[in-house]
Amino acid sequence: MNIAVLVKQVPSTDNVKIDENTGTMIRSELESEMNPLDMYAVEEAVRIKERSSNTKITVISMGPLSAEYAIKEAISMGCDEGVLLTDRKYAGADTLATAYTLTQFLKGKELDLIFAGERATDGETGQVGPMVATLLEIPVLTYVNKIIEITKDDITVQRAIEGGNEIIRTTLPVLITVVKEINEPRLPNLENKLRAKKSKIDIITNEDLKVEEDKIGLKGSPTRVVKVFYPKISRQGEKIAVKTPQEAVAKINDFIKEKGVIS
Amino acid sequence: MKQEHTGVWTISEIEDGTINPVSYELLAWGKGLAETLKVELTSIVLTNKIKDIESLIHYGADKVYYVENEKLEHFYPDTYTKILHQLVEEMKPEIILASATTKGRTLMPCLAARLRTGLTADCTDFEIEEETRSLIQIRPAIGGNVMAKIKTMTRPQMATVRPKSKQPLPKDETRRGEIIKKEFNEEMYQSRYEWINYKKDESIDQPIQQADVIIAGGKGLRRQENFKYLKEIAERLNGAVGATRAVVDMGWIDYSHQIGLSGKTVSPKLYIAVGISGAVQHIAGMSTSKYIISINKDPEAPIFKVSDLGIVGDATEIVPLLAKEIKQGDKK
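Taken in order, these protein sequences are the chains called V and A. With the working numbering applied, the first sequence corresponds to residues 59 to 321, in that order. With the working numbering applied, the second sequence corresponds to residues 5 to 336, in that order.
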């Protein structure tokens, strides 16, 4: 089986800066890591490889050169090889431009399964996965929390949707986005760590990929961040040190009554 | 100048013939935008059966287009995308809104990719830029640390909208509008998906993102057993139970209850944070709640900075009593 995992390099969540002019994120090499939710996609791919013969997993990312680090993290968990799509011209891409660029690389690759995390913890859109599937004209299964069966032609999964779980089947090839509860990602073992360290990431620029310039990067993005502002997250709240639980309950009941928040 | 794309659309969600209330919230957003733009508000319905379709008009739609076919019983992204794509090509709306539910967040990216247009995820507010008639889409970014205003250069302008970010308009049964059935040939309903079954999670009465009240617990509850009080309180308030990542990781409660950066993002009317210190990652998932009450032993806990009412006290002593004595507020 031929598997691809799409991963994203994200800033470590506590250290994020915004370029006030472009509204895009300033990435620093030191403070980035693989999107935590992508680890579950990597893990699921590796588990499939472990129980089926002749399976190859390619990790693919689009981002700055420093995203090699995220790709190597995935290799250290058991993926075989890594590809990084990187070019100054790709910078500032929104979800559609990102999906389009990834698709230009993925098409014709004869993949059976493409995995992605539910969403990235920086952009929090969850849009790239379904967009890639649509542009590749293959089905997409989102919010997957369990893979039930994979046969030669199709796949049956369980999806975490509002209020419960849905079981659904579709044909291969397919793009799957997974949620956190699907598995428990492993810690890399020493052998894979060394292999990751030595592995050579395939660097692909737009000279190789030749994507139309009006479809990539900021220029190829239909959405623009026009303004970034800091919300007033602090509230003019009242803070009361209570002496007894009774006092706490009375305060809470008064608040709810006064605000009429519950009907 | 003639504008090719005109009108505001909302994608209604129907489950087993019943309109999901998030559809009415979308209409409230859509109505405001349509009035500013002086265009019609249209709601789109794809379903296998529907009762009470007029209520979409009563809640603000000027027009409803509906597609009814047994093959639309389950959400198949390919079929839904094909049909909506055709409707958009035919009628060319300028704005399309859908709820940021699992369905909306799957369908909208598929549709946007087919239309090669921009899509903004999980918006909490909108504005119209007067001179250009552009939709300004406002959403929290980077864990709610900043808000971003986003504009779409292409048409239609598409966005998913966070549930509970707006109240539905009052129902007006005297409102009249057009309800139009759209039909397609059978091959439009062909799908590569096959639905097998749905198992309701019996521990959840309602999807957490649609609950008006959420009572969430963190490590300050100290023992898993204390979550039973939160469940009782949730039941009394007709709400849902939430949790921090820490307690989910300890196995005290399922991941489906996790609020925050790697869990769910919620905007209930009332959020009660119990024994939660307020890590940035947690606050990212709940800071847009209308009212926030928090209970924590540590007077310096960051959760108090985002709270309307902060109780400094031991959560383990307060929740048992709260479970017995919490009252419902008066309806305003």
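Derived from the structure by calculation, the hints contain no laboratory data. Any given hint might turn out to be false.
[Claimed, not checked] The calculated DSSO-like cross-link candidates involving lysine-lysine, where the alpha carbons are at most 30 Å apart (straight line), are: (1) Lys309/V / Lys204/A; (2) Lys204/A / Lys232/A; (3) Lys204/V / Lys309/A; (4) Lys232/A / Lys315/V; (5) Lys285/V / Lys294/A; (6) Lys86/A / Lys315/V.
Tell me the numbers of any earlier hints that the structure contravenes, in ascending order. 1, 3 and 6
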